[in-house]
Amino acid sequence: NVAFVQDIRGTQPGVDRDGQTDTVQMHVVEGLVAYATDFSVKPMLAESIEESEDGLTYTFPLRHGVTFHNGAEMTAEEVKWSWDRYMDPATNWRCRSYFSGEDGPEVTAMEVVDPYTVRFTLASPSATFLGNLARFDCGSTAVLHPDSVDAEGNWVAPVGTGPFTFGDIRPGQYVELLKFPDYVSRTDEPDGYAGAKEALVDRVRFNILPEAAVKKTAFLAGDLDISTIDPSDIDEIEAAPGNVVQTVQTAVWDAILINTRDPLLSDKRIRKAIALSIDPEQMVAVVTEGKGSPNPSPVPPMSAFYGETEAKGIGYDPEQAKALLEEAGYDGAPITILTNRRAGGYFERALVAQAMMAEVGLNAQLETMEWGTQLDKYVTGDYQMQSFAYSTRLDPALSFEMITGDHPRKVFRTPEAMELVEQAMTVSEPAKRQAIIDQLHEAFLEEVPAISVNHRVMFYAMKDHVSGFRGWGAAKEIYWNVGLAE
Amino acid sequence: MTFLSDLSRRLNGRIGLTLCGLVLLAALTGLLWTPYDPVKTDFMARFAGASAEHLLGTDMYGRDLLSRVLSGASVSILICFLTVALAVTGGVVLGALSGFVGGWLDRLVMMFTEALMAFPGLLLALSLMVILGPSEFGVILALALAYLPSVTRLVRGTVLSVREKEYVEASVALGNGWLYTLARHVLPNCVAPLIVLATTMLGWVLLAESALSFLGLGVPPPAPTWGNMLAEARGDLTREPWLGILPGLCISVTLVGVNLLGDALRDALDPRNDRAA
Amino acid sequence: MWLYVLKRILMGLPTLFLVAVIVFALVRLIPGDPAQLMLGDLADEQSLAAMRARLGLDQPIPLQFLIWLGDILRGEFGHSIRTGEAVLPTIMGRFSVTASVVVFAVLAAMLVAAPAGLIAARFQNRRLDFGIILTAIISLSMPSFWVGLMLLLLFGVTLGWLPTIGYVGLDEDLGRGLLYLIMPVVALALTEIGVLTRMMRSSALEVLRLEYVTHARAKGLSEGAVLTRHVFRNAAGPSLTLLGLILASLLGGATVTETVFSLPGIGKLIVDSIYARDYPVLQGALLLVASVYVIVNLVVDLLYTVLDPRVRLS
Amino acid sequence: MQHTPSVLSLSGVEIGFRTPRGLTPVVHGVSLEVAPGEIHAVVGESGSGKTMLARAAIGLLPPGGEVTAGTIAFDGRDLAAESEAAMRRIRGAQIGMIFQEPLVSLNPSMKIGAQMAEAARLHTKLSRREIRARALEMLHAVKIADPERCLECYPHEFSGGMRQRIMIASVMLLRPRLLLADEPTTALDAVVQREVLDIMTEMTRSLGVAVVLVTHDLGVVARYAQRMTVMERGHVVESGPTRSVLAAPREAYTRRLLGSLPVAPEGAHTLPQAGNDSPTGAHTLLPEGNVSPTGPHTLSASPEASHALPHAQTPSAEGQAPRGAQASGAAQPAPFAGRDTPEGAPGWPVAGRRGGADGLAEGPQASLAEPDVPRTVAPGSPAGGALAASPHGARGAADGPATELLRAEAVEVSYEAAAPLPFMARRVNRVVHGVSLSIRPGEMLGLVGESGSGKSTLGRALIRLKEVSGGRVLYRGQELSGVSGEALRRLRARMQIIFQDPYSSLNPRMRVGAIVAEGLRHAPPPDSAHPVEEMLEAVGLSAAYAARFPHEMSGGQRQRVAIARALISRPELVVADEPVSALDVTVQAQILDLLRELRGRMGFACLFISHDLAVVESLCDRVMVLYRGRVMEEGTARQLFEAPRHPYTRRLLAAAPFLEPTPAGGYALRVLDEARYPAPDPACYWPGEGEGRYELAADATAHAVAYRRRAG
Ligand SMILES: Nc1ncnc2c1ncn2[C@@H]1O[C@H](COP(=O)(O)OP(=O)(O)OP(=O)(O)O)[C@@H](O)[C@H]1O
Ligand SMILES: Nc1ncnc2c1ncn2[C@@H]1O[C@H](COP(=O)(O)OP(=O)(O)OP(=O)(O)O)[C@@H](O)[C@H]1O
Ligand SMILES: [Mg+2]
Ligand SMILES: [Mg+2]
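Chains as they are written, first to last, in my numbering: chain C, 141 to 626; chain F, 5 to 281; chain H, 24 to 337; chain A, 19 to 730.
Pulled out of the complex, with its shape left as it was, chain C reads as follows (with noise of 0.2 Å):
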C-alpha cells in the first residue's frame, strides 16, 4: 500500500500520461533503454547499445527470452510494431515531433536486421536520441505486444515486458498492480529504471490521497507501507517506533520565476537586488527542515554535467541589494508573487521570499491561487514573480531549454541564451557540452530570470518492515525489488 497523488490518466505509454501516469506505467512496460540512476542511459530490453562512429545509426541487439504478460517472447517484430505504431500520428504519441524531424533529428529508418536486432538511422547526429527514447514522459517507448490494441488498432491494455501488470483500476481510489511472475530480468544490478528487476510483492496499490493530512494519518494508522510526507513531518514520524524516512535528492527543480518581460522587473538591477536579498541557505533549511542544499543552477547535482561553475551562485548580499535598488531608483511599488498551496514547498518558498525582500526594502505580496490558474499565467507570461517547479529534465541542455526561448512562458530570453541551449542540444561531446553548459550558468547568473533555490528533496516515510525502497534523483517511485518482512 502506498500513497499516490491522482488517478492515472490511463495504460497508454506516452499517449495518456502524466508524471503520476508514467510512475505507475513504467511499471508495466519496458522500453530498448532506460535511464539510470545517475541519469545515463543504459540498455534495458537491448542487449546493448551500438552507436555508429558518425553519429548516425544506433543498432540494439535485443535480449533473448523475454516475455510479454501474455506469454510471447520478446522480438524485434515486437519493436519494430512498436514503434510503428508510435510514429503512426493518429497514435498521439507524445514524443513523436522528437525523432520525424520536427523537433530533433529525423529517424529516417527503424528496421529489424534479424529477430534480435533492430537498426535506427538519424538524418543528423543527436546527443539526445538516446535519452529521448528512454524519456518517462516518452514511456520509454516501450515495447508492447501487438495485443495491446484490438483489431481496429484501438488501445486495449498495455501487454508489455515489466515485472508487474495492471490490477484493479478504481478511480478515485486505487491503481494496483499485480507481479509479473514470469518476469525475465536482467542481471545486472538495480540502477534507476535499468538493471535488474523483481516484483517481491504480489501487489502493489498506489492509494490517491491527494490530501497530505490524510496521507500523513493514514500512514501512521498503518494503511500505507510507504508515503511522501512533507517535510515538517519528518521529526514527528520517525519519532514514533516503526517507522523509518528517507530523504531522496531528486532533480526537480524548485525556482522562483522572474517575468524579466515585467516594467518594473526588465531592470536587471531590480531582479539582481531581488536575488541578492535572498539567503539560499536559510530559505532551503526553512523549506526543507534542513534535510536539503541550495543549488544555483537550474542543472541537477546528481548530473555529470554539475561542476564546480554550477554550485557557485550569485550569492547574500543585502547591502549590494539596496544598493542596487537604490540606483534603480525602486519606489517600493508593489511585486506580486505567484505561489500555490500544493504539495512541494511552492507556498513555504514565496513565503521566505517575500519575508527576505522585505529585510531590503522590497514590498514584495503574495497572491495565493489554485494550480490550474497559476499555470494558466506562468504560460501567459501575466505574473511578475512566481514560485514554480519543472519536473525532471535529465539532459543539461533540457533544464536550461525548459525556461529559455522566446514564448511567453519562458523567462530565460536573451539571444545569447537561446543559441547556447541551440548548440547544447546538438553537441554530444561531454567536454564541449560542459563548457556550453558553463556558459549558460554564468549567463543565468548574469541575466537573473529566475532564482534557483534548490533541487527538491523528497521524504519517503516507511514502515520498517519495507525493505529495497530506493528513491532516485527522477523521484518516480520504483516498487519492483521491495520487499515487506513479515
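Derived from the structure by calculation, the hints contain no laboratory data. All C-beta atoms, glycine included, are put in the ideal place defined by N, C-alpha and C. One or more of the hints may lead you astray.
Stated by the list, open to error - Selected chain C positions facing chain H (in silico; Cβ < 10 Å):
| no. | residue |
| --- | --- |
| 1 | R310 |
| 2 | Y314 |
| 3 | I348 |
| 4 | L349 |
| 5 | V354 |
| 6 | A358 |
| 7 | T449 |
| 8 | K452 |
| 9 | Y456 |
| 10 | E510 |
| 11 | K517 |
| 12 | V519 |
As the list claims (entries may be wrong) - Computed far set for chain H versus chain F, every beta-carbon distance over 10 Å:
| no. | residue |
| --- | --- |
| 13 | Q87 |
| 14 | L201 |
| 15 | L202 |
| 16 | T282 |
As the list claims (entries may be wrong) - Pulled from the structure, derived: some chain C residues nowhere near chain F, Cβ distances all over 10 Å:
| no. | residue |
| --- | --- |
| 17 | G195 |
| 18 | S240 |
| 19 | P286 |
| 20 | D322 |
| 21 | T327 |
| 22 | S433 |
| 23 | E507 |
| 24 | T520 |
| 25 | D546 |
| 26 | G608 |
| 27 | A625 |
Got chain C sorted already, so can you dock chains F, H and A with the ligands onto it with the hints?
Below, chains F, H and A with the ligands without anything else, positioned relative to chain C:
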C-alpha cells in the same frame, strides 16, 4: 432597547450576546491593533509555545498566533458580514420583487434561484472561486451568490404570504401604490425571519470559508482567517494540535454564539413567546 | 398523482436546461486550459494545439455548448479529458459511493435528531431542552473537515479500530463496506444532527401548541404516545423539507468529507475535475447533481403527501 | 336545587399562572356543581377564566398554570389526589373534552378511524372489531352520511361542522360521565352550529352525560342549557337555572351582558335620510333601575323550568303568544328537521302555493310588535302595502343612477387555480354568479349567507380589490374596471373596507396612529389639525392609543382601529365584512352603536356582511341572502326577518337563536313563528339541484326571491 433587554432576559440570548460581543471585540481589536504583524514570519521561532513574547505561541512559520487570531477575527467577521449583507440585499430585492410583482418576473427569478440551488452551495462557491481567483473579495462574492437563492426564496415566500394578509389589501384599498405598499407593509414583516436566517447564515459563511480553505480556495494565505488558519494547521494536528484547536475553537464559539443569538432572536421576535422566560 | 409527477418533471426541465447553461458557462469561465494542465511544464506549442483539437476545445464556445447539449440529449456525456473514460459510468459510479454514505448519514442523523428535537420541545425552556439545544449547536458549529480529521486521528490512529483510507462497495462486501462507512457517516451525521434537531424542535413546538395535542392528552394518552403518534408526524414536515435540502446538497457532493476520508465520491470528482479543468466530467457531474436535486425535491414533495394528507397534489 | 349527586363539583377553585413576576391568579374561588344529564353553561366575558376552569377539570392546565386552592371532585373523587397515571385513566374514559376549534382539534395526519379507536384501545378491553363497530355506531348517531368511508378519511376532507360532529362522536365513543365542551361552535355558521349542538344535546341526554358548555353565545345557552353560570374576571357573578337567570338577571354584569344583545329595531327599518323620524339607535341598554329583583331564579311562567326539557314539542301553540311573554318551553330546537336537505324537509309547513306577487305573511303579526310602538305593518294587511314605508322599497323609476352610489350588474367573480400542467388551461372556480345590487347613499345593505357562499369575495369585488370576471360594477355611474392609476387611487379613498379579521388587517409593525393616518394619504386634506386623534376619539378610543401596536390592544379595540382607518377619509361607501363576528356581546354592541352613530353623522353607505342575523336585523335597512354565490332572497330587513320566503332564508332564521327582552325586564328566546311565515315556494331555486334557470324575481315591494325557471 426594550428589544435588547428582552433578548438579554433569555438565557440563550445572554450567552449568545456575550459570545458574539467577545468575537466582535476580538475582530475590532484585530482591525486596529495586533501585537505583531500577523503575516510576519520568523523562521527562528517556529512552533514556539506560549511565552511572554508570544502569548499564544507561534505557528509553523513563526507567526505570532495571537496576532493572527485577532487579525483573523477581523477578516473572518468582515467576510461574514459582507457576505451576508450582500446575499441579504440581493435576496431581498429579488425576492421582494419576485414575490410582489409576480408574473413572468417571478417565474424568471424562481427559475434562476432554482437552478442555482440545484448546485450544492459549496460547489457553486468553489467553482466561482476558481473563476474569480482566491481573494477576500472572491470569497465574499462566491458565498454571497451561493446563499442568494435561499434568501431570495425566503423573502419571496414571506412576501407571498404577507401579500395575502389583509393589511396589505387594506393598504391597496386605501389607494396606496404598490411600491409604497411593498416598502411600508410587506417588507417590514419579512424582517423577523430574515434576521434569523441572517444570523444562521453568518455561521454558515464562517464554516464555508473554512471548508473552502480546506479545499484550497478560501481566503488565500498568508492573510489570516480562522478558516484558513484551521486549514493550514491540519497537517500539524498530531504535532501541534493547538494550532488547529485555537482557530477551530474561535469558529465554534462564534457559531455557538451566533446560533444562540439567532434562537433568542426568533423567540424574541415571536409574539407568542412573549411571556417565556 | 402521476399527473403531478409528470408536471413536476416537466417543470424541472427548464430548470435543468438553465442549469446546463450555467454549468457550461461556469466551466468555461474557469481560467486555465486543460491541455496545458495535462502537459504541465513539459507543454510545447504543437502538443498543446494537438491536444486542444483532440478535446474539441478549438471550436467557438457557443458551438461547443450546442455540441455538448446535443450529445447530452442523445445520452452521450462524452469522455473525460484526463482519463478518457466515459463520463456517464464514471459519474454514476462516483455518485453511488456518495449516495451510500449520505443516505446512511442522513438516516442516522434523523434517527437521533427526531427524538432529540421532540424531547427538547416537550421540555421547552427547561434544563433538558437547553442541554439538547446546546449540544446540537455545538455539533453544527464544528467545521466538517475538522470533525473528520479528529475522527481519523481518534479511531484510525490512536485506537486503530477503523481503516483510515479506502472504500469497499456495499455490493462487494457488506460487512467490510459498512466498516469503511462508519467514520464518514458519523462525521457527516454529526453536523447534520444539529440542524435537524433544531428544526424538529421548532416545528414540534408549533405542533405542541395546537389543540389536537391537548385533545390527545384529554383522551388519556401518555406523553410518549402523544409525542410519537400525534406530534411527530405533524412536526416532521419542515424537517423533511430540510432533510431533502440536506440530502440533495450532500448527494451533490459531501466534498469535504469525501476528501478527508478519501472516498471516491462525486464531490471529490467535481473538485478534482475543477482542478484538472476536466470539462466533460465537470459538466456531466454538475448536471447529475442538479438532476438529483430536482428528483430529491420531487420525492420529498411526494413524501409530504404521505405525512400530511392535507397536501393535495394538484 | 340538585338532589342527584353531582358528577363534577368544584368548590372554591382558584387557578393561577406562574410567571417570572410571581403567581397571577386568573380564577378566584369558583364553585359549581354539574348533575348527570344536565347541561351547564358557563358564560362570561372573554378572558374571564372559562377555559381554564374546564381545563382544570380534566387536569390539563397549560404549562405554568395550576390549581392553587379548592377542590375539584369528579364523582366524589378529589382529582388533585389522583396520580398522573390515574388521571390518564380518567381522561377520555370518564371525562371527555371537546375543544373550541374543530379545525385544529383533530390530528390532520391521522385517519378518523385511527383517532377514534385510539382512546378506546387505551381505555377499554374491546377488540378491534368491536371498537370499529362502536365507532360506526357513533358516527351514525352524529349523522355522518357514510360512516364506513368516514373512518378511512382524513379530517381535512370534512367541513368544520362535520369535523365537530366527528369530535363529538369520538369523545362520546367512550361513554364518559362528564363532557367538557369549550366553545364548541364558535367557528361555525348558524345552521351548522344548530346541527352540532342538537346532536350533542341528544347524545348526552340519551347517555345521561353531564355537560359543561362554555360559550359566549347567550342564545345557545338559552336554547340548550338547563343551568348557567356567569363569570367575570375569574369570579362567578351569577349562577342558576338558565331561564330564571335570563328572565330575571340579578347582577349588574349579567344585565350588562344581556343588555348588549342586538335587538331588532322597534321602529321600521328605515333610512335616516328618508326623512323618517324613527330613531336609528334601536339598541337598548337596560336601565339599571328598570329591573325589579324577581327573587329566586325560577320562572313563574313555567314551573318545571329548571329541569330537563321535553324534547320534541311543536311550537305552534306558543307561536301565537306574544314574543315578550315567551315561556321557557320555547327554548327548544325548532322542529325544522330539514337540516341536510332543505327541500325535502317535512318540517316546512307548506301553507300554500305562490300566487302572483303576494306571498307575504298573512297571519297576524302582533306577536312581533312591542305594545307601545306602532307597527308599520298592520297585522293582516295586504302584502303589497306592508313594506311601502321604506322609501326605497320599490326598485322602480325612483332608482335613477344618480341617486345610486354603487351599482353591480350581474357580477361574477372567480378564483383561478394553477394549471395542472404547464400550457393547460387554468382551473377556474367561480364563486360569485351574476349578482346584481345597488346601494344608495346612506343605506345599510346586509349580506348574509352560509360560510363560503362568497360574501367576502363579493364585497371585495365591489370595491375592486378583486377583479370581476363578468358583469360590471359602477360607482356613481362610472365603471370601476375602466379606472386605473391615480384616478383609481383617488376613487379607492372614497370606498373603504373593514376586513373580516381586524387583527390580520392591521400591520403588526405599525403603530395605531400611523395605521389610521394612512387612511388620509389619498383623501382630501382634512379640515382639522389632529385628524387621527379626533378619529380615534370618534370611535371611542382615547388619543393615547395612537402610540400602541395592534397586539397591545384587545379585539374590540383593534376592530375600532380598523373602522377608524376606514372612516377617516370620510368615504362614501364602506364594506364592513363581519366586523363583529369574533367578539363577545358587550364589545359587539359597542361597535354596532358606533356604526349607527357614524352613519347618522356622516351619512355613509355600508355593505354589512355578517353571520349574525340578530345583528343584521338590528342594523340593516335591506338584506340580501347569498347561497353558493347566488342571491336567494333580497328585501328589507323586516321583509326578510318577518316574512322569509326562500327555504334557505328560513333555515337560517330557524337555526339562529334570537334572545329578546321580555316585558318583565328579562330575556327569553324568540320563537320563530313559522306557521305564519308564508310557505316556501317549491319552485325556489337551489343551486345544483334540478334543471332550470336561476332567476331572481322581485315583487312590487322589491322583495325578491330566487326562482327556478324552466329552460326555454
Ligand atoms: N398560558 C397562560 N399563561 C398565563 N396566563 C394565561 C395563560 N392562558 C390564559 N391565561 C390567562 O387566564 C385568564 C383566563 O383565560 P381563559 O382562557 O380561561 O379565558 P376564557 O374565559 O376562556 O376567555 P375566552 O372567552 O376568550 O376564551 C386570561 O386572563 C388569560 O390571560
Ligand atoms: N383566495 C382564494 N382562492 C381560491 N378560492 C377562494 C379564495 N378565497 C375564497 N375562496 C373560495 O371562494 C368561496 C367564497 O369565499 P368567501 O370568503 O367569499 O366566502 P364567505 O361567504 O365570505 O365565507 P365566510 O362566511 O366563511 O367568511 C369559498 O368557497 C372559498 O373556498
Ligand atoms: Mg376560552
Ligand atoms: Mg367572509
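Hint check results:
With 10 Å as the threshold, the beta carbon of C/R310 comes within range of chain H, its nearest partner Cβ sitting at about 7 Å, so the hint holds. Taking 10 Å as the C-beta contact cut-off toward chain H, the hint placing C/Y314 at the interface holds, the least distance being around 8 Å. Contact between C/I348 and chain H, as hinted, is supported at the beta carbon level, the nearest pair being about 7 Å apart and thus within 10 Å. For the restraint placing C/L349 at the interface with chain H, the shortest Cβ-Cβ distance is roughly 5 Å, inside the 10 Å limit, so the hint holds.
Interface restraint check: C/V354 against chain H, minimum CB-CB distance 6 Å, threshold 10 Å, status holds. At its closest, the beta carbon of C/A358 sits 4 Å from a beta carbon of chain H; the interface hint therefore holds under the 10 Å criterion. For C/T449, the interface hint is violated, since its Cβ never comes within 10 Å of a Cβ in chain H; the closest pair sits about 25 Å apart. Because the closest C-beta pair between C/K452 and chain H is about 26 Å apart, greater than 10 Å, the hint is violated.
Look at C/Y456: its Cβ only gets to about 27 Å from chain H, farther than 10 Å, so that hint breaks. For C/E510, the interface hint holds, since its Cβ comes within 10 Å of a Cβ in chain H; the closest pair sits about 7 Å apart. Hint on C/K517 holds. Least Cβ distance to chain H is approximately 8 Å, under the 10 Å limit. Because the closest C-beta pair between C/V519 and chain H is about 6 Å apart, less than 10 Å, the hint holds.
Distance check for H/Q87 against chain F: the nearest CB is about 17 Å away, which clears 10 Å, and the non-interface claim stands. For H/L201, the non-interface assignment is confirmed: its Cβ lies about 25 Å from the closest Cβ of chain F, beyond the 10 Å cut-off. Even its closest Cβ contact with chain F, about 23 Å, leaves H/L202 beyond 10 Å, as expected for a residue assigned away from the interface. Its closest Cβ contact with chain F, about 7 Å, brings H/T282 to no more than 10 Å, contrary to its assignment away from the interface.
Once the 10 Å rule is applied to beta carbons, C/G195 is consistent with being away from chain F; the minimum gap is 48 Å. At roughly 37 Å, the least C-beta separation between C/S240 and chain F is larger than 10 Å, which holds for a residue marked as non-interface. Every C-beta of chain F lies more than 10 Å from that of C/P286, the closest at about 43 Å, which supports listing it as non-interface. Every beta carbon of chain F lies more than 10 Å from that of C/D322, the smallest distance being close to 43 Å; the non-interface claim holds.
In this structure C/T327 is separated from chain F by more than 10 Å, as the shortest Cβ-Cβ distance comes to about 44 Å. Under the 10 Å C-beta cut-off, the non-interface status given to C/S433 relative to chain F holds; the minimum distance is some 17 Å. For C/E507, the requirement that its beta carbon stay farther than 10 Å from each beta carbon of chain F is not met, with the minimum near 7 Å. With 10 Å as the threshold on Cβ separation, the claim that C/T520 sits away from chain F holds: the shortest Cβ distance comes to roughly 14 Å.
Taking the minimum C-beta to C-beta distance to chain F, about 28 Å, the non-interface status of C/D546 holds against the 10 Å cut. Non-interface call for C/G608 relative to chain F: holds, since the shortest CB-CB distance, roughly 28 Å, exceeds 10 Å. Against chain F, the non-interface label of C/A625 holds: every CB pair exceeds 10 Å, the least being about 26 Å.
Violated hints, in rising order: 7, 8, 9, 16, 23; the structure is consistent with all others.
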